[in-house]
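Participant: For the sequence shown, full-length UniProt numbering begins at 1 and goes up steadily by one.
Mixed in with the good hints, there may be bad ones.
[Said to hold, decoys possible] Distance condition first, Cα-Cα at most 25 Å in a straight line; then the derived DSS-like pairs of lysine-lysine: (1) Lys207 x Lys253; (2) Lys108 x Lys139; (3) Lys177 x Lys139; (4) Lys221 x Lys267; (5) Lys153 x Lys139; (6) Lys189 x Lys205; (7) Lys277 x Lys267; (8) Lys189 x Lys139; (9) Lys159 x Lys93; (10) Lys177 x Lys189; (11) Lys189 x Lys199; (12) Lys243 x Lys205; (13) Lys159 x Lys136; (14) Lys96 x Lys108; (15) Lys262 x Lys286; (16) Lys93 x Lys70; (17) Lys177 x Lys110; (18) Lys207 x Lys192; (19) Lys243 x Lys226; (20) Lys106 x Lys75; (21) Lys207 x Lys189; (22) Lys153 x Lys207.
Because the hints were derived from the structure by calculation, they are not lab data.
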Amino acid sequence: MRKMRLRMWIPESMMLILIMLVCITSAFETEVPQNENPLDLKASKLESLNLTECYCGENSLHCFIWNDQKRCSCKYGFAHFNETCRECDCGEKTEKCIYDDDGNKKCKCKFGFGESRGNCVECDCGMSDSCHYDEKNTKICKCLLGYAEKNRKCLQTCKVDSDCEDGRICTEGDRDKSVCDCPPNYGGKSCKTNLICEKMDPPCKSKGAECVDEDSLVYCKCPPGKTIGLLSGMCEDLCNDDKCLHGKCEVAKVGDVAVSSKCVCDKGYFGMRCEMKEQSREEMLKFIILASINFVMFFLLSAMFCFMCRNRRHMV
Numbered sequence: 001m002r003k004m005r006l007r008m009w010i011p012e013s014m015m016l017i018l019i020m021l022v023c024i025t026s027a028f029e030t031e032v033p034q035n036e037n038p039l040d041l042k043a044s045k046l047e048s049l050n051l052t053e054c055y056c057g058e059n060s061l062h063c064f065i066w067n068d069q070k071r072c073s074c075k076y077g078f079a080h081f082n083e084t085c086r087e088c089d090c091g092e093k094t095e096k097c098i099y100d101d102d103g104n105k106k107c108k109c110k111f112g113f114g115e116s117r118g119n120c121v122e123c124d125c126g127m128s129d130s131c132h133y134d135e136k137n138t139k140i141c142k143c144l145l146g147y148a149e150k151n152r153k154c155l156q157t158c159k160v161d162s163d164c165e166d167g168r169i170c171t172e173g174d175r176d177k178s179v180c181d182c183p184p185n186y187g188g189k190s191c192k193t194n195l196i197c198e199k200m201d202p203p204c205k206s207k208g209a210e211c212v213d214e215d216s217l218v219y220c221k222c223p224p225g226k227t228i229g230l231l232s233g234m235c236e237d238l239c240n241d242d243k244c245l246h247g248k249c250e251v252a253k254v255g256d257v258a259v260s261s262k263c264v265c266d267k268g269y270f271g272m273r274c275e276m277k278e279q280s281r282e283e284m285l286k287f288i289i290l291a292s293i294n295f296v297m298f299f300l301l302s303a304m305f306c307f308m309c310r311n312r313r314h315m316v
């Protein structure tokens, strides 16, 4: 009798175990864990959540219902807003682009860039915690401890020039703080770059010259032995074949450096380029005789014309 009861209990127990397994399996298939991100759900689980019509447009990857609200997982360059995927682009330097509840685009930019009027643009404050632009497109810097802002850059604070390095001097910054900055018209890592020459260098090089800074005077300087041509505006040799038309070009030197030139004209010529010819005595005499003859002829013709006009009046 005991054996018989044991045999009957075993099938009943197995049935109970099978029923429990079926219930547990069904529960896992229909319930979603609360701590699981809905964007990371597998397609099979997403399909089980689509209890009503769910469509986010052609630019969506997935559409699902979460807490009775439609959620859209969008393609790159699009973001969820108003139950659809709307274009959301902040430029190449974007990490993430989203819309807030009011439909305003928000850009999360890569390091060294900040949002400016809906785009990620260069935003570098130097030694700072953050860099961004406000509604007026003004760069805002939040400097690290020991640094202060000047001209939208975070620079080391100081009290005297000896606190600064790399050729910098202690100058007045923003908000009544002194910072280490380059002297006026200089910049670069060691403050050795002349900012004026940096702008003038391309036009100077186009002339064959280089920009120099001598005694606070910045100008284009030609290489030794050359000077700016009056006609061409380019660096030309002090002496060349076209310098003197009827003569020889000579270079004036200071030490071993050629600084200027002049034309030594051939006999009978003068001028800066020996372009004018001197007239000889015979040529001058010929000129005077011809001029005198022309004057006498003009006088005689005028007298004859006046005489003829006077006779006509008497005849009338």
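Participant: Now, for every hint given, state plainly whether the structure supports it.
Facilitator: Status of each hint after checking the structure:
At most 25 Å may separate the alpha-carbon atoms for a hinted pair to count; Lys207 and Lys253 meet this at roughly 23 Å. Taking the CA atoms of Lys108 and Lys139, the gap is near 16 Å; set against the 25 Å cutoff, the hint holds. Restraint check: the Cα-Cα separation between Lys177 and Lys139 comes to about 19 Å, which is no more than 25 Å; the hinted pair holds. At roughly 35 Å between alpha-carbon atoms, Lys221 and Lys267 are farther apart than 25 Å, so this suggested pair is violated.
A distance of roughly 10 Å separates the Cα atoms of Lys153 and Lys139; the hinted pair therefore holds under the 25 Å criterion. Straight-line distance between C-alpha atoms of Lys189 and Lys205 comes to about 24 Å, which keeps the hinted pair within the 25 Å bound. Distance hint between Lys277 and Lys267 is fulfilled; the C-alpha atoms sit about 9 Å from each other, no more than 25 Å. Restraint check: the Cα-Cα separation between Lys189 and Lys139 comes to about 22 Å, which is no more than 25 Å; the hinted pair holds.
Using a Cα cut-off of 25 Å, the hinted pair Lys159 and Lys93 is violated, with the two alpha carbons roughly 38 Å apart. With a C-alpha separation of about 22 Å, the suggested pairing of Lys177 with Lys189 holds against the 25 Å cut-off. At most 25 Å may separate the alpha-carbon atoms for a hinted pair to count; Lys189 and Lys199 meet this at roughly 17 Å. The straight-line distance between the Cα atoms of Lys243 and Lys205 is roughly 23 Å, inside the 25 Å bound, and the hint therefore holds.
Proximity of Lys159 to Lys136 is assessed by CA-CA distance (about 33 Å); at most 25 Å being required, the pair is judged violated. For the hint pairing Lys96 with Lys108, the CA-to-CA distance comes to about 5 Å; that is within 25 Å, so the pair holds. Taking the CA atoms of Lys262 and Lys286, the gap is about 33 Å. The hint is violated against a cut of 25 Å. For the hint linking Lys93 to Lys70, the alpha-carbon distance of about 30 Å lies beyond 25 Å, and the restraint is violated.
Under the criterion of a C-alpha separation no larger than 25 Å, the hint pairing Lys177 with Lys110 is inconsistent with the structure, at around 30 Å. Of the pairs offered as hints, the one joining Lys207 and Lys192 holds, with about 24 Å between alpha carbons and a cut-off of 25 Å not exceeded. Pair hint Lys243 plus Lys226 holds up; C-alpha atoms about 12 Å apart against a cutoff of 25 Å. The suggested pairing of Lys106 with Lys75 holds, with an alpha-carbon distance near 17 Å, which does not exceed 25 Å.
In summary, the hint linking Lys207 to Lys189 is not supported, as the alpha carbons are separated by about 28 Å, beyond the 25 Å threshold. A hinted pair counts as satisfied when its Cα atoms are at most 25 Å apart, and Lys153 with Lys207 does not qualify at roughly 35 Å.
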